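Visitor: Please construct the entire structure, taking both the sequences and the accompanying hints into account.
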Amino acid sequence: MKATLQFRITQGLKMTPQLQQAIYLLQLSNIELNAMIQEQLDSNLMLETEDDKDENENSNSINSGEEKDTAEFDSEREFNENDSNIISKNKNNPENQYSELAFEKEDDRYKSLEEELRWQLNLMPITDNDKVISEIIIDSLNDDGFLEISLNEILNTANTTIEDITLEEVEAVLKIIQSLEPAGVGARGAQESLLIQLNQLDQKIPEVKKSKEIIMNYFELLVAHDYKKLTKKLKIDESELKEILSFIKYKLNARPGSQISSSRTEYTVPDVDVKKINDKWIVKLNKDAIPELRINSIYKKMIRKGNNSADNQTMKTHLQDAEWTIKSLQHRNDTLLSVAKCIVEHQSDFLEHGEEAMKPLILQNVADSLGMHESTISRATTKKYMQTPRGTYELKYFFPSHVSTDYGHKKSSTAIQALIKKFIDTEEPTKPLSDEKISILLKEEGVNVARRTIAKYREAMAIPTSNERKRLSI
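Numbers 2 to 475, taken from the numbering used here, label the letters of the sequence shown in order.
It should be emphasised that the hints constitute simulated quantities derived from the structure, not laboratory data. Fair warning: this is a prediction, and the values are worked out from it, not measured in the lab. Quick reminder that beta carbons are idealized off the backbone N, C-alpha and C, glycines included. It cannot be assumed that every hint is accurate.
Quick list of in silico lysine to any residue cross-link-like pairs, SDA-like style, CA-CA up to 25 angstroms [said to hold, decoys possible]:
| no. | residue 1 | residue 2 |
| --- | --- | --- |
| 1 | 302 | 287 |
| 2 | 301 | 324 |
| 3 | 252 | 208 |
| 4 | 384 | 32 |
| 5 | 252 | 201 |
| 6 | 243 | 288 |
| 7 | 285 | 301 |
| 8 | 444 | 425 |
| 9 | 360 | 419 |
| 10 | 243 | 207 |
| 11 | 276 | 384 |
| 12 | 384 | 234 |
| 13 | 132 | 22 |
| 14 | 288 | 126 |
| 15 | 397 | 207 |
| 16 | 444 | 355 |
| 17 | 411 | 453 |
| 18 | 457 | 218 |
| 19 | 397 | 22 |
| 20 | 471 | 221 |
| 21 | 234 | 301 |
| 22 | 276 | 349 |
| 23 | 205 | 241 |
| 24 | 422 | 392 |
| 25 | 211 | 228 |
| 26 | 411 | 361 |
Pair ranges (Cβ atoms, derived) [stated by the list, open to error]:
| no. | residue 1 | residue 2 | range |
| --- | --- | --- | --- |
| 27 | 463 | 390 | 21 to 27 angstroms |
| 28 | 469 | 278 | 42 to 48 angstroms |
| 29 | 444 | 172 | 25 to 31 angstroms |
| 30 | 309 | 50 | 29 to 35 angstroms |
| 31 | 280 | 217 | 54 to 60 angstroms |
| 32 | 318 | 252 | 54 to 60 angstroms |
Guide: Put into C-alpha cells, the structure is as follows:
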C-alpha cells in the first residue's frame, strides 16, 4: 500500500470560550442568571449595575436588549465588537455548581428538584463531559421528575458544546441520574419510574416481585383499574391483589419529582411580557427580571497602555471578561425576545380565544422562521416564562404535540384537551361521558383520537373516569 499525502478542506464550527459562554447563559432561567451575575459582580471589579453608578451618568448603556425589536443569535460568527456596554444580571457558573461550597447542603425546604439533583451529583466522581450531559438531562425533567426529551435530542444538544459524545455516554449518565433521590427520578414515564423504585428495594420482599410483574407486564390493566383481569393474569385472589396494590400505593410514587417540587412555593418571574395595544400584540422583555450591567468607567480609565505590571494586566483581563459577559447577555436577551415574538405570532389565536385555539407548533418551526438551530430554540424556551393576559406560561407550553384531522389539518393536543374538558363540563352528572363516547364526539369534530389517548389526556387534566364521576355526582 502506497502512503500519500492529501489535503481536504472542510467547514466546521469553532467553539470559542465566548461562544460557549453565550450558549451556557441562554439555557439559564432568570433566577439562575441573576445568581451567576452576582458572582460576576463579586469577582470582577470592571462590572457594575446601573444602580451602582455614581458620577458616570452619561456613559453608554443599554436596557438589557429591551429596545431591540429583532435580533438573531448567530453561533457561526463572532459577536459585533460595537455592542453596547450594558446588560442584565445573574448567577450559576458551571464551575460554581460543583465547588466545595456545594458540599455544605442548604436548607432542603428551599431546594428545587434540579438543585437537589445537582447537589447529589457534586458528591460523585463524574467527568466534565458527564457534567455537561447531566445538566441537559436535569434541565429536561418536568415537575414530576420525568425526562421529556429523547436520548438523541440530549446527544444532539451535548454535541453543540463538546465533541464526540456517544449515545452510550448519554445512556450511562441517565442511569446515574436515575440512581439519585428521589427514587424514580429521570425515568421516561410512570412505568419506568415505578420499576426503578422497585429495583432499589429489597428484592426478598414478596410484594416487590409481584409488583414488578404487574408494572412490567400488566401496567395498562393497573392504570385502567381492571382488577378482575389482573387477578386472572396473576392467578391470585382479590385479597392478595389488594395487598400488592396497597404496597404499590404506599411504597412507590408515580410522580417522584413532586416530593420536592410540591414542598415549596414557586414564585415565577416572567422573562417576557405580552400585551395587546391598539389591536397589536406587543412583546417586551421584563425589565425587572434581570438588572442592567455596565462597565465601570473609573476602573477602565485606570488601565495604562504599555504597562505590564501585574495589577494592570489583571484589570485588562477583568475588562475583557466583563465585555464578553455583557455581549453574551445581550445576545441572550436578543435571542429570547426574537423567539418570544415568533411564538406570539404563531399562537396569537390562543391569546385571543384560549386553549381551543392553540395551534400545533414544534421547535423546528421557530428555528426555520428565525434562521437558528433547533437546539438554540430549545435553550431559549426552557425555564423561560411569558406573562400574557391569559396567565403566565413557560415558553415550552406553546409547543404542544398534534394529531391530524379529517380535513387535512392538524390540531394541537392542548386544543383537544380543551375540547375534552368542555364535553365533560357540559355532560349530565348522572350520565357521564365515557372515553369511548368522547372519542366519538371528537370524531364528529373531525378529530380522530383513540380511546386510550383520551384517557391519557383526561388523566393529565386530573379528571376522574366516567364511573368515578358518576359516583361523585350521587
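Visitor: Decide, hint by hint, whether the structure agrees.
Guide: Outcome of the hint check:
1. Proximity of residue 302 to residue 287 is assessed by CA-CA distance (about 32 angstroms); at most 25 angstroms being required, the pair is judged violated.
2. At most 25 angstroms may separate the alpha-carbon atoms for a hinted pair to count; residue 301 and residue 324 meet this at roughly 11 angstroms.
3. Of the supplied pair hints, the one linking residue 252 and residue 208 holds, its CA atoms being roughly 10 angstroms apart against a limit of 25 angstroms.
4. With a C-alpha separation of about 10 angstroms, the suggested pair residue 384 and residue 32 falls inside the 25 angstroms cut-off, and the hint holds.
5. The hinted pair formed by residue 252 and residue 201 meets the criterion: a straight-line CA distance of about 11 angstroms does not exceed 25 angstroms.
6. Distance restraint check for residue 243 and residue 288: the Cα-Cα separation of roughly 56 angstroms exceeds the 25 angstroms cut-off, and the hinted pair is therefore not satisfied.
7. For the given pair, residue 285 sits about 32 angstroms from residue 301 by alpha-carbon distance, which is inconsistent with the 25 angstroms threshold.
8. Of the supplied pair hints, the one linking residue 444 and residue 425 holds, its CA atoms being roughly 16 angstroms apart against a limit of 25 angstroms.
9. Our distance criterion of 25 angstroms between C-alpha atoms is met by residue 360 and residue 419, whose separation comes to about 12 angstroms.
10. Between the alpha carbons of residue 243 and residue 207 the distance comes to roughly 14 angstroms, so the proposed pair stays at or under 25 angstroms and holds.
11. Taken as a hint, the residue 276 and residue 384 pair is honoured in the structure, with Cα atoms around 21 angstroms apart against an allowance of 25 angstroms.
12. Straight-line distance between C-alpha atoms of residue 384 and residue 234 comes to about 44 angstroms, which puts the hinted pair past the 25 angstroms bound.
13. Under the criterion of a C-alpha separation no larger than 25 angstroms, the hint pairing residue 132 with residue 22 is consistent with the structure, at around 16 angstroms.
14. Between residue 288 and residue 126, the direct Cα distance comes to roughly 40 angstroms. Violation of the 25 angstroms bound is thereby established for this hinted pair.
15. Pair hint residue 397 plus residue 207 does not hold up; C-alpha atoms about 42 angstroms apart against a cutoff of 25 angstroms.
16. With a C-alpha separation of about 21 angstroms, the suggested pair residue 444 and residue 355 falls inside the 25 angstroms cut-off, and the hint holds.
17. A distance of roughly 19 angstroms separates the Cα atoms of residue 411 and residue 453; the hinted pair therefore holds under the 25 angstroms criterion.
18. With a C-alpha separation of about 19 angstroms, the suggested pair residue 457 and residue 218 falls inside the 25 angstroms cut-off, and the hint holds.
19. Of the supplied pair hints, the one linking residue 397 and residue 22 holds, its CA atoms being roughly 23 angstroms apart against a limit of 25 angstroms.
20. Taking the CA atoms of residue 471 and residue 221, the gap is near 22 angstroms; set against the 25 angstroms cutoff, the hint holds.
21. Restraint check: the Cα-Cα separation between residue 234 and residue 301 comes to about 77 angstroms, which exceeds 25 angstroms; the hinted pair is violated.
22. About 11 angstroms separates the Cα atoms of residue 276 and residue 349, which keeps this hinted pair within 25 angstroms; it holds.
23. Distance restraint check for residue 205 and residue 241: the Cα-Cα separation of roughly 17 angstroms lies within the 25 angstroms cut-off, and the hinted pair is therefore satisfied.
24. With a C-alpha separation of about 19 angstroms, the suggested pairing of residue 422 with residue 392 holds against the 25 angstroms cut-off.
25. Restraint check for residue 211 and residue 228: satisfied, since their Cα atoms lie roughly 14 angstroms apart, inside the 25 angstroms limit.
26. For the proposed pair residue 411 and residue 361, the alpha carbon gap of about 7 angstroms is at most 25 angstroms, so the pair holds.
27. Roughly 25 angstroms separates the CB atoms of residue 463 and residue 390, a value that falls within the hinted 21 to 27 angstroms.
28. The given range of 42 to 48 angstroms is respected by residue 469 and residue 278, whose C-beta atoms sit roughly 46 angstroms from each other.
29. Distance hint check for residue 444 and residue 172: the Cβ-Cβ separation is about 40 angstroms, which falls outside the suggested range of 25 to 31 angstroms.
30. Between residue 309 and residue 50, the C-beta spacing of about 31 angstroms keeps the proposed range 29 to 35 angstroms intact.
31. Judged by the Cβ atoms, the range 54 to 60 angstroms given for residue 280 and residue 217 holds: they are separated by roughly 56 angstroms.
32. Checked against the given bound of 54 to 60 angstroms, the beta carbons of residue 318 and residue 252, roughly 56 angstroms apart, stay inside it.
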